[in-house]
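Could you slot chains S and G onto chain R? The hints should help.
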Amino acid sequence: MKQFLDLEDIDNVDELIKNAITLKSNPFSHKELGKNKSIGLLFFNSSLRTRLSTQKAAQNLGMEVMILNLNSDGWALEFEDGSIMNAGTAEHIKEAAAVISQYVDIIALRAFPSLTDKKKDEEELIIKSFKEHASVPVVNMESATAHPLQALTDAITISEFKQKERPKVVLTWAPHPRALPHAVPNSFAKMMQMIDVDFVITHPEGYELNPKITGETPIIYDQEEALKDADFVYAKNWSSYNDYGQIKSTDESWMVTLDKIKAAKFMHCLPVRRNVIVADEVLDSEQSLVIEQANNRTYAAQAVLKDILEGK
Amino acid sequence: MKQFLDLEDIDNVDELIKNAITLKSNPFSHKELGKNKSIGLLFFNSSLRTRLSTQKAAQNLGMEVMILNLNSDGWALEFEDGSIMNAGTAEHIKEAAAVISQYVDIIALRAFPSLTDKKKDEEELIIKSFKEHASVPVVNMESATAHPLQALTDAITISEFKQKERPKVVLTWAPHPRALPHAVPNSFAKMMQMIDVDFVITHPEGYELNPKITGETPIIYDQEEALKDADFVYAKNWSSYNDYGQIKSTDESWMVTLDKIKAAKFMHCLPVRRNVIVADEVLDSEQSLVIEQANNRTYAAQAVLKDILEGK
Amino acid sequence: MKQFLDLEDIDNVDELIKNAITLKSNPFSHKELGKNKSIGLLFFNSSLRTRLSTQKAAQNLGMEVMILNLNSDGWALEFEDGSIMNAGTAEHIKEAAAVISQYVDIIALRAFPSLTDKKKDEEELIIKSFKEHASVPVVNMESATAHPLQALTDAITISEFKQKERPKVVLTWAPHPRALPHAVPNSFAKMMQMIDVDFVITHPEGYELNPKITGETPIIYDQEEALKDADFVYAKNWSSYNDYGQIKSTDESWMVTLDKIKAAKFMHCLPVRRNVIVADEVLDSEQSLVIEQANNRTYAAQAVLKDILEGK
Numbered sequence: 001m002k003q004f005l006d007l008e009d010i011d012n013v014d015e016l017i018k019n020a021i022t023l024k025s026n027p028f029s030h031k032e033l034g035k036n037k038s039i040g041l042l043f044f045n046s047s048l049r050t051r052l053s054t055q056k057a058a059q060n061l062g063m064e065v066m067i068l069n070l071n072s073d074g075w076a077l078e079f080e081d082g083s084i085m086n087a088g089t090a091e092h093i094k095e096a097a098a099v100i101s102q103y104v105d106i107i108a109l110r111a112f113p114s115l116t117d118k119k120k121d122e123e124e125l126i127i128k129s130f131k132e133h134a135s136v137p138v139v140n141m142e143s144a145t146a147h148p149l150q151a152l153t154d155a156i157t158i159s160e161f162k163q164k165e166r167p168k169v170v171l172t173w174a175p176h177p178r179a180l181p182h183a184v185p186n187s188f189a190k191m192m193q194m195i196d197v198d199f200v201i202t203h204p205e206g207y208e209l210n211p212k213i214t215g216e217t218p219i220i221y222d223q224e225e226a227l228k229d230a231d232f233v234y235a236k237n238w239s240s241y242n243d244y245g246q247i248k249s250t251d252e253s254w255m256v257t258l259d260k261i262k263a264a265k266f267m268h269c270l271p272v273r274r275n276v277i278v279a280d281e282v283l284d285s286e287q288s289l290v291i292e293q294a295n296n297r298t299y300a301a302q303a304v305l306k307d308i309l310e311g312k
Numbered sequence: 001m002k003q004f005l006d007l008e009d010i011d012n013v014d015e016l017i018k019n020a021i022t023l024k025s026n027p028f029s030h031k032e033l034g035k036n037k038s039i040g041l042l043f044f045n046s047s048l049r050t051r052l053s054t055q056k057a058a059q060n061l062g063m064e065v066m067i068l069n070l071n072s073d074g075w076a077l078e079f080e081d082g083s084i085m086n087a088g089t090a091e092h093i094k095e096a097a098a099v100i101s102q103y104v105d106i107i108a109l110r111a112f113p114s115l116t117d118k119k120k121d122e123e124e125l126i127i128k129s130f131k132e133h134a135s136v137p138v139v140n141m142e143s144a145t146a147h148p149l150q151a152l153t154d155a156i157t158i159s160e161f162k163q164k165e166r167p168k169v170v171l172t173w174a175p176h177p178r179a180l181p182h183a184v185p186n187s188f189a190k191m192m193q194m195i196d197v198d199f200v201i202t203h204p205e206g207y208e209l210n211p212k213i214t215g216e217t218p219i220i221y222d223q224e225e226a227l228k229d230a231d232f233v234y235a236k237n238w239s240s241y242n243d244y245g246q247i248k249s250t251d252e253s254w255m256v257t258l259d260k261i262k263a264a265k266f267m268h269c270l271p272v273r274r275n276v277i278v279a280d281e282v283l284d285s286e287q288s289l290v291i292e293q294a295n296n297r298t299y300a301a302q303a304v305l306k307d308i309l310e311g312k
Numbered sequence: 001m002k003q004f005l006d007l008e009d010i011d012n013v014d015e016l017i018k019n020a021i022t023l024k025s026n027p028f029s030h031k032e033l034g035k036n037k038s039i040g041l042l043f044f045n046s047s048l049r050t051r052l053s054t055q056k057a058a059q060n061l062g063m064e065v066m067i068l069n070l071n072s073d074g075w076a077l078e079f080e081d082g083s084i085m086n087a088g089t090a091e092h093i094k095e096a097a098a099v100i101s102q103y104v105d106i107i108a109l110r111a112f113p114s115l116t117d118k119k120k121d122e123e124e125l126i127i128k129s130f131k132e133h134a135s136v137p138v139v140n141m142e143s144a145t146a147h148p149l150q151a152l153t154d155a156i157t158i159s160e161f162k163q164k165e166r167p168k169v170v171l172t173w174a175p176h177p178r179a180l181p182h183a184v185p186n187s188f189a190k191m192m193q194m195i196d197v198d199f200v201i202t203h204p205e206g207y208e209l210n211p212k213i214t215g216e217t218p219i220i221y222d223q224e225e226a227l228k229d230a231d232f233v234y235a236k237n238w239s240s241y242n243d244y245g246q247i248k249s250t251d252e253s254w255m256v257t258l259d260k261i262k263a264a265k266f267m268h269c270l271p272v273r274r275n276v277i278v279a280d281e282v283l284d285s286e287q288s289l290v291i292e293q294a295n296n297r298t299y300a301a302q303a304v305l306k307d308i309l310e311g312k
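Quick mapping for you: the protein sequence lines, in order, are chains R, S and G.
Start counting the first sequence at 1; every next residue gets the next number (UniProt numbering).
Start counting the second sequence at 1; every next residue gets the next number (UniProt numbering).
Start counting the third sequence at 1; every next residue gets the next number (UniProt numbering).
Chain R on its own, in the form it takes in the complex:
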C-alpha cells in the first residue's frame, strides 16, 4: 500500500481484514518492522479513539509517534495555489507537507468538513494537498468525506461476528442534536459494497447520502421494514447531503431500540449519544459490539501501517 486516503487504496480487502485479525491475536509480531521509523499524527480536530488507537497501532509496530495538534501547537495553513500570503495564514501546505515529510515516515491526518461549503468539502482540499506535497505516505484519520480506517474496523468486526456467509447489514440514520459529517456513513456504505453482505440503508426522506457513494444500495425510508431480519444494525447520524449540512429532522422515533433490532448485533463508531441515537438497553446488552469495534480500530490501523511500511 502506498497511501491510505480512502478505501480505493486497498488492493484486497479480504486479505487486509485477515491480516488485521492475525495482528490482533499477536500484536507485537512485527515490532522490528517499525524500528527507527516514525509516524506523525496531525490533528486539525478533536480525537479520542483515533488518536489513541493509531498511536497504539504504530507503537505495536515499533514506530515512534509524534503528535501535532495543528490548531493549537502550530498555526493556520494556506492551501490556495499562488496566493499572496499577507493575511491570516502563516505557512503554505507546500512547505508544511514537505517539511513534515522530512521528520516522519508516514503522515496521518484528521481534518473535518466545514459542512457549509459542499463543493470545497468534496474537494478534500486538506488531505489531497498533503498527499500532493508530502514525500511520504499519507493516512486518512477522517477527512471531510471519508473515514476509511473506521470502515475497515467495521468490516473486521462484521467478519469476526457474522454467523452466516452473507449477513444482512442495515445502516440506519438516527437523530442527533448537532449537524454531523458524512464521512462515517460514506465510508461504511462503500465498504459494505466491497465485502460479501446484504446491505441496505434506511433514513428519513431528505437524508439521502451522495448517490455516487451509495450506488445500487437499496434505500428504504421505512426503518421497520429495513431492519427486518437484520444481522447487524449500524446506527449513525448525519446531516442532509442534498440540503448540505442542514438538520432536516431530529425525529426521536428513529432512535434504535432492542425492540426494533430484535436479535441483531448493534454497531456504532462512537462517540454515541445515549438515548438519542440508541437506547441504553441496546448499548448495555450483549448485542452491542461498540467496544469491540473500538478495540478493532487498533488492528485496522496496524494492518494499514504494516502494509505501508512493507510497501516501502
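These aren't lab readings, by the way, just hints derived from the structure by calculation.
The beta carbon of each residue, even a glycine, is placed where N, CA and C say it ideally should be.
One or more hints might be untrue.
Stated by the list, open to error - Calculated Cβ distances over 12 Å to all of chain G for the following chain S residues:
| no. | residue |
| --- | --- |
| 1 | 25 |
| 2 | 83 |
| 3 | 87 |
| 4 | 88 |
| 5 | 128 |
| 6 | 133 |
| 7 | 161 |
| 8 | 211 |
| 9 | 242 |
| 10 | 253 |
Unchecked claim - A partial selection of chain S residues facing chain G, derived with a Cβ cut-off under 7 Å:
| no. | residue |
| --- | --- |
| 11 | 28 |
| 12 | 53 |
| 13 | 56 |
| 14 | 59 |
| 15 | 177 |
| 16 | 270 |
| 17 | 273 |
| 18 | 275 |
| 19 | 291 |
| 20 | 294 |
| 21 | 295 |
Frame of chain R, contents of chains S and G only:
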C-alpha cells in the same frame, strides 16, 4: 495492587515506601516489566509535576505513554446514568472508559473538584465512574478529594530524611489568594496516620478538614504551639471544608518563616506561592525538601505502577 | 558542550557542522547514547519544525521525549526574585526549573520576545532563569533574541551546498504583514561571522539589527547591489530594532524574486509567506534550499544533543 484510587489500596505502606526507595537507587531495574504495556494519562486539569513524573515513572518501567488532555483533545463526557444526551456532552463515561481500556493497560486520571458542590465532589464521580467502567486498573493522579501519589511521595521523603524513629510532623494551613482543593491535605493527613509519626494539624478556626479524615489527629489553632519541636513542617493552603470552597481568611501571619519552623525540615507539594505560603528564606534554605519531594514523585508513581503491573 | 543557550556555547563550529553531516548519513549510530535519558521540550509558543525536529533528533539518539506546552498544560510562572506571589503567577521559576530537572536530563525551551519591551527581551529572562535554576543542561529552541539551532542548521546547509571555498552569503530583509522577532537574523548574522563566508546584510533604512551582533558586517541599503554575485540569499523579515518591534515598511519591492537572485541558492528558516517574502517561482525552483534546511534541523539538534550527552 489492583488499582490506586486512594491510600486504602495500599496493602503494606512501609513495604511500598521501601520499594520506592529501592527503585530510586536503580530506576531501570524493571524495564522489562512494562514491555509492550502502555499507560494512558488522562488530564481534565493542568499538571506539571504529575504529568512529567508519572510519564517518567512509566518510561522507567519500559511502558509506552499516551497522554490525553480531555478538555482540549477530546470532548465533554456524560457521567449521569440513563441521561438523554441531547445537550452538551458527546460521549458517556461508560463508552469512554471501556474504549480507553482497549488501548492501554493502566488508566491514570486527574480530575479536580468543583469546590462549589460538596456532595458531588465527595462522590468522586469522575474517578469512580472510570473505575466502574474501565476494564483496566485506574490510578488517581489527584481527584476531587484525594492525591494519594503525593501522600506516598511525602511519606517516602519523611522516611528518607527523618532522624528519629518517630518524628513530629506538623501540617500547617497557610494563606493563598485563591480557593484550593482539599485533596493534598486530606491524603497527607491520612498517610500520616498510616506511618509511625507524631502528627498534628494547625489552621485558623473555620478551616477544619473533613473530621472523618483527620480522625483522632490533634487540631491546634495556635500555629506557634503546634510547630513546637516539629521535625517536619508541611505547609498547604486549602479552602474551608465546612463552608465549602470558601476563603475564610488570608491571614498573612500564617505564612511559614524560618523563625517559626526553627530547625525543622520544610515540605510542600508544589506549586507554591513564594512569600505568601512560605518565605523565600525557607525555600532557599537547606531545610527545604520541596525539590526532593518533587523528585520522589517519580518513584512513588513507579512503585505503584510496578505493583499494578506485577499484580496482573 | 554543557549547554546550548547561544552560539557562544559552540567550541568548534566546523567540527560541529561535520558531526551533524555525519549523523545525517547515519542517524541511528548513537542510539545507545541516549538510552534511559530523557529530554523535556518546553514550549511557551507555537512550534512545528522545532518541535518535530528536536523530538526526532532526541529519538534518533535513543532518548525519551516529554513535551510540555507551558501555557496550556501548566500555569503562569513567576520570574521576579523576591516577589510576593499573591496575583496571577502560580509557580516560581526557581521551583519549576529545579523540579523539571528532576525528571529530564536535558531541558529544551522556546520562549519568544514581547517585542514591546526591548530591555526585558534582551535580558532573556526566561531562558536565563531556566539556566540559572535548572540542574541539567538547557537548550535554546528560540528565545527572545536568538535561535542558535536554526543558525547551526543554516551553516550545515551552506556547508553542504557551497561550490566555492568562500561563498558570498546575503541576508536580505523582506516584507511581512506582522512584526517579527530578531532571533533568526541575529543568530544567522552571528553564525556567518563564525564560518568562512563573504557576508553582507541588506535591508531598508531603519531596519538595522543590533550593531553588537552585526559587528563589522557590511550593511547595504540597496538590495540589488547587495545581491550581486550572491551564492546564497537568505531572506527574512524582522521588525525594527531601533524603533523596537515596529513595522517601518512593508515595501513589496523587497520581495525576493528569481530575477533578483539570479543563480543563487535561496534560504529561509520557514514558515514563509509566499509571494510576500519571496515569489512562488523561487520556492518552487531547484534553487530553493528551504526543505533541505528544515531537514537539517534534525541533525543540527542531534549534533548538539549528542555533544551534551557526551559531555556529561
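Structure-based check of each hint:
The Cβ of residue 25 of chain S sits about 14 Å from the closest Cβ of chain G, beyond the 12 Å cut-off, so the non-interface label holds. No Cβ of chain G approaches the Cβ of residue 83 of chain S within 12 Å, the least distance being about 29 Å, so the stated non-interface status holds. The Cβ of residue 87 of chain S lies farther than 12 Å from every Cβ of chain G, with a closest approach of about 26 Å, so its non-interface assignment holds. With a cut of 12 Å on Cβ distances, residue 88 of chain S stays outside the contact zone with chain G, its closest approach being about 21 Å.
Non-interface status of residue 128 of chain S relative to chain G is upheld: no Cβ of that chain comes within 12 Å, the nearest being about 25 Å off. Interface exclusion of residue 133 of chain S from chain G stands, the closest Cβ pair being 26 Å apart, more than 12 Å. Taking the minimum C-beta to C-beta distance to chain G, about 16 Å, the non-interface status of residue 161 of chain S holds against the 12 Å cut. With a cut of 12 Å on Cβ distances, residue 211 of chain S stays outside the contact zone with chain G, its closest approach being about 30 Å.
With a closest Cβ-Cβ approach of about 24 Å to chain G, residue 242 of chain S is found to remain outside the 12 Å limit, as its non-interface label requires. Taking the minimum C-beta to C-beta distance to chain G, about 14 Å, the non-interface status of residue 253 of chain S holds against the 12 Å cut. Hint status for residue 28 of chain S relative to chain G: holds, with the closest Cβ pair at about 5 Å, below 7 Å. The restraint placing residue 53 of chain S at the interface with chain G holds, with a minimum CB-CB distance near 6 Å, inside the 7 Å limit.
Among the interface hints, the one on residue 56 of chain S holds; its C-beta lies about 5 Å from the nearest C-beta in chain G, closer than the 7 Å criterion. Using the Cβ-Cβ criterion of 7 Å, the hint placing residue 59 of chain S at the interface with chain G is satisfied: the shortest such distance is roughly 5 Å. Residue-level restraint check for residue 177 of chain S holds (minimum Cβ-Cβ distance to chain G is 5 Å; threshold 7 Å). Hint status for residue 270 of chain S relative to chain G: holds, with the closest Cβ pair at about 6 Å, below 7 Å.
A least Cβ separation of about 4 Å between residue 273 of chain S and chain G falls short of the 7 Å threshold, and the interface hint therefore holds. Taken as an interface hint, residue 275 of chain S checks out: its beta carbon lies about 4 Å from the nearest beta carbon of chain G, inside 7 Å. For residue 291 of chain S, the interface hint holds, since its Cβ comes within 7 Å of a Cβ in chain G; the closest pair sits about 5 Å apart. The beta carbon of residue 294 of chain S comes within 4 Å of a beta carbon in chain G, closer than 7 Å, and the hint placing it at the interface holds.
Taking 7 Å as the C-beta cut-off, the interface hint given for residue 295 of chain S holds, the closest approach to chain G being about 4 Å.
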